[in-house]
Amino acid sequence: GDSVTQMEGPVTLSEEACLTINCTYTATGYPSLFWYVQYPGEGLQLLLKATKADDKGSNKGFEATYRKETTSFHLEKGSVQVSDSAVYFCALSDQGGKLIFGQGTELSVKP
Amino acid sequence: KAGVTQTPRYLIKTRGQQVTLSCSPISGHRSVSWYQQTPGQGLQFLFEYFSETQRNKGNFPGRFSGRQFSNSRSEMNVSTLELGDSALYLCASSLGQKTEKLFFGSGTQLSVL
Numbered sequence: 001g002d003s004v005t006q007m008e009g010p011v012t013l014s015e016e017a018c019l020t021i022n023c024t025y026t027a028t029g030y031p032s033l034f035w036y037v038q039y040p041g042e043g044l045q046l047l048l049k050a051t052k053a054d055d056k057g058s059n060k061g062f063e064a065t066y067r068k069e070t071t072s073f074h075l076e077k078g079s080v081q082v083s084d085s086a087v088y089f090c091a092l093s094d095q096g097g098k099l100i101f102g103q104g105t106e107l108s109v110k111p
Numbered sequence: 001k002a003g004v005t006q007t008p009r010y011l012i013k014t015r016g017q018q019v020t021l022s023c024s025p026i027s028g029h030r031s032v033s034w035y036q037q038t039p040g041q042g043l044q045f046l047f048e049y050f051s052e053t054q055r056n057k058g059n060f061p062g063r064f065s066g067r068q069f070s071n072s073r074s075e076m077n078v079s080t081l082e083l084g085d086s087a088l089y090l091c092a093s094s095l096g097q098k099t100e101k102l103f104f105g106s107g108t109q110l111s112v113l
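Going down the list, the protein sequences come from chains A and B. First residue of the first sequence: 1, per the working numbering; consecutive thereafter. First residue of the second sequence: 1, per the working numbering; consecutive thereafter.
Worth flagging that the hints you see were computed from the coordinates, not collected in a lab. Keep in mind that this is a model prediction, so the values were computed, not measured. Glycine included, C-beta positions come from ideal geometry on N, C-alpha and C. Be aware that one or more of the hints could be misleading.
To be verified - 27 Å max Cα-Cα, derived BS3-like pairs, lysine-lysine:
hint: 1; chain 1: B; residue 1: Lys101; chain 2: A; residue 2: Lys52
hint: 2; chain 1: A; residue 1: Lys49; chain 2: A; residue 2: Lys60
hint: 3; chain 1: A; residue 1: Lys77; chain 2: B; residue 2: Lys101
hint: 4; chain 1: A; residue 1: Lys60; chain 2: B; residue 2: Lys57
hint: 5; chain 1: B; residue 1: Lys101; chain 2: A; residue 2: Lys49
hint: 6; chain 1: A; residue 1: Lys49; chain 2: B; residue 2: Lys57
hint: 7; chain 1: A; residue 1: Lys68; chain 2: B; residue 2: Lys13
hint: 8; chain 1: A; residue 1: Lys56; chain 2: B; residue 2: Lys57
hint: 9; chain 1: B; residue 1: Lys13; chain 2: A; residue 2: Lys52
hint: 10; chain 1: A; residue 1: Lys110; chain 2: A; residue 2: Lys52
As the list claims (entries may be wrong) - Far from chain A, by Cβ distances over 12 Å, these chain B residues were calculated:
hint: 11; residue: Gly3
hint: 12; residue: Val4
hint: 13; residue: Thr20
hint: 14; residue: Leu43
hint: 15; residue: Arg63
hint: 16; residue: Gly84
hint: 17; residue: Ser86
hint: 18; residue: Leu88
hint: 19; residue: Lys101
hint: 20; residue: Leu102
hint: 21; residue: Ser106
hint: 22; residue: Ser111
hint: 23; residue: Val112
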């Protein structure tokens with residue numbers, strides 16, 4: 001079945017450091033890909049999405065590019081802030097239309 | 001516009017009991033999905049409802065059930081609770097049948113003792 005694999009956390013960075021969270025997927029067909037973020041005590045929020053190969057999703061300084069050849073959708077940010085501390089989930093929509101999530105990667109940014 | 005509202009926020013039950021969780025979607029949203037979130041398993045899809053019909057179901061035992069009402073509000077029920085059912089249960093709503101952009105509630109934290 002379809003699945004999503006994320007790099008394990010926690011990831012700890014200093015403010016203004018570069019961030020990459022790796023995400024790879026296995027899917028039938030060409031799913032849409034997503035990054036969701038969960039701040040402490042809250043539900044998940046959509047951060048960005050890409051619906052076809054080579055699409056780049058971006059929001060709040062975060063970017064991710066849909067790479068069909070490597071079945072990847074890595075999340076990147078050039079300069080993280082303390083307020084970016086959260087858990088990040090990579091996800092795909094399967095052929096039935098439901099979202100399948102990765103395990104989540106906890107990011108902690110220190111001042 | 002109010003977000004997705006889940007009640008109660010916290011719940012403590014004992015093994016063998018049953019529990020009902022409630023979810024009110026964003027006004028105008030007709031699709032509601034439920035997820036179980038645990039540290040070990042991450043986010044696991046439970047089921048999805050659209051216009052009062054179950055459209056998708058995850059790999060959970062029959063003790064887990066749900067329904068959706070004509071106003072799109074949804075409930076999920078877990079019977080004969082087990083310790084392993086302790087989790088954060090998240091509800092998400094979306095506008096139509098394509099569940100790609102989900103809006104999540106803050107969840108109900110269920111503890112089974």
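Comparing the hints with the structure gives:
1. For the hint linking Lys101/B to Lys52/A, the alpha-carbon distance of about 15 Å falls within 27 Å, and the restraint holds.
2. The hinted pair formed by Lys49/A and Lys60/A meets the criterion: a straight-line CA distance of about 13 Å does not exceed 27 Å.
3. With a C-alpha separation of about 22 Å, the suggested pairing of Lys77/A with Lys101/B holds against the 27 Å cut-off.
4. Taking the CA atoms of Lys60/A and Lys57/B, the gap is near 33 Å; set against the 27 Å cutoff, the hint is violated.
5. A C-alpha spacing of about 9 Å is found between Lys101/B and Lys49/A, which places the hinted pair at or below 27 Å, so the restraint holds.
6. The suggested pairing of Lys49/A with Lys57/B holds, with an alpha-carbon distance near 24 Å, which does not exceed 27 Å.
7. A hinted pair counts as satisfied when its Cα atoms are at most 27 Å apart, and Lys68/A with Lys13/B does not qualify at roughly 46 Å.
8. Distance check on the hinted pair: Lys56/A and Lys57/B sit about 31 Å apart at the alpha-carbon level, beyond 27 Å; violated.
9. Taking the CA atoms of Lys13/B and Lys52/A, the gap is near 44 Å; set against the 27 Å cutoff, the hint is violated.
10. For the given pair, Lys110/A sits about 35 Å from Lys52/A by alpha-carbon distance, which is inconsistent with the 27 Å threshold.
11. Not every beta carbon of chain A lies more than 12 Å from that of Gly3/B, the smallest distance being close to 8 Å; the non-interface claim is violated.
12. Some Cβ of chain A comes within 12 Å of the Cβ of Val4/B; the nearest lies about 7 Å off, and the non-interface call is violated.
13. With 12 Å as the threshold on Cβ separation, the claim that Thr20/B sits away from chain A holds: the shortest Cβ distance comes to roughly 19 Å.
14. The claim that Leu43/B lies off the interface is violated: its Cβ sits roughly 4 Å from the closest Cβ of chain A, which falls inside the 12 Å cut-off.
15. At roughly 20 Å from the closest C-beta of chain A, the C-beta of Arg63/B stays outside 12 Å, upholding its exclusion from the interface.
16. Every CB of chain A lies more than 12 Å from the CB of Gly84/B, the least distance being 18 Å, so the non-interface label holds.
17. At roughly 17 Å from the closest C-beta of chain A, the C-beta of Ser86/B stays outside 12 Å, upholding its exclusion from the interface.
18. Interface exclusion of Leu88/B from chain A breaks down, the closest Cβ pair being 9 Å apart, not more than 12 Å.
19. The Cβ of Lys101/B sits about 6 Å from the closest Cβ of chain A, inside the 12 Å cut-off, so the non-interface label is violated.
20. The Cβ of Leu102/B does not lie farther than 12 Å from every Cβ of chain A; its closest approach is about 6 Å, which violates its non-interface assignment.
21. For Ser106/B, the requirement that its beta carbon stay farther than 12 Å from each beta carbon of chain A is not met, with the minimum near 5 Å.
22. Even its closest Cβ contact with chain A, about 16 Å, leaves Ser111/B beyond 12 Å, as expected for a residue assigned away from the interface.
23. At roughly 21 Å from the closest C-beta of chain A, the C-beta of Val112/B stays outside 12 Å, upholding its exclusion from the interface.
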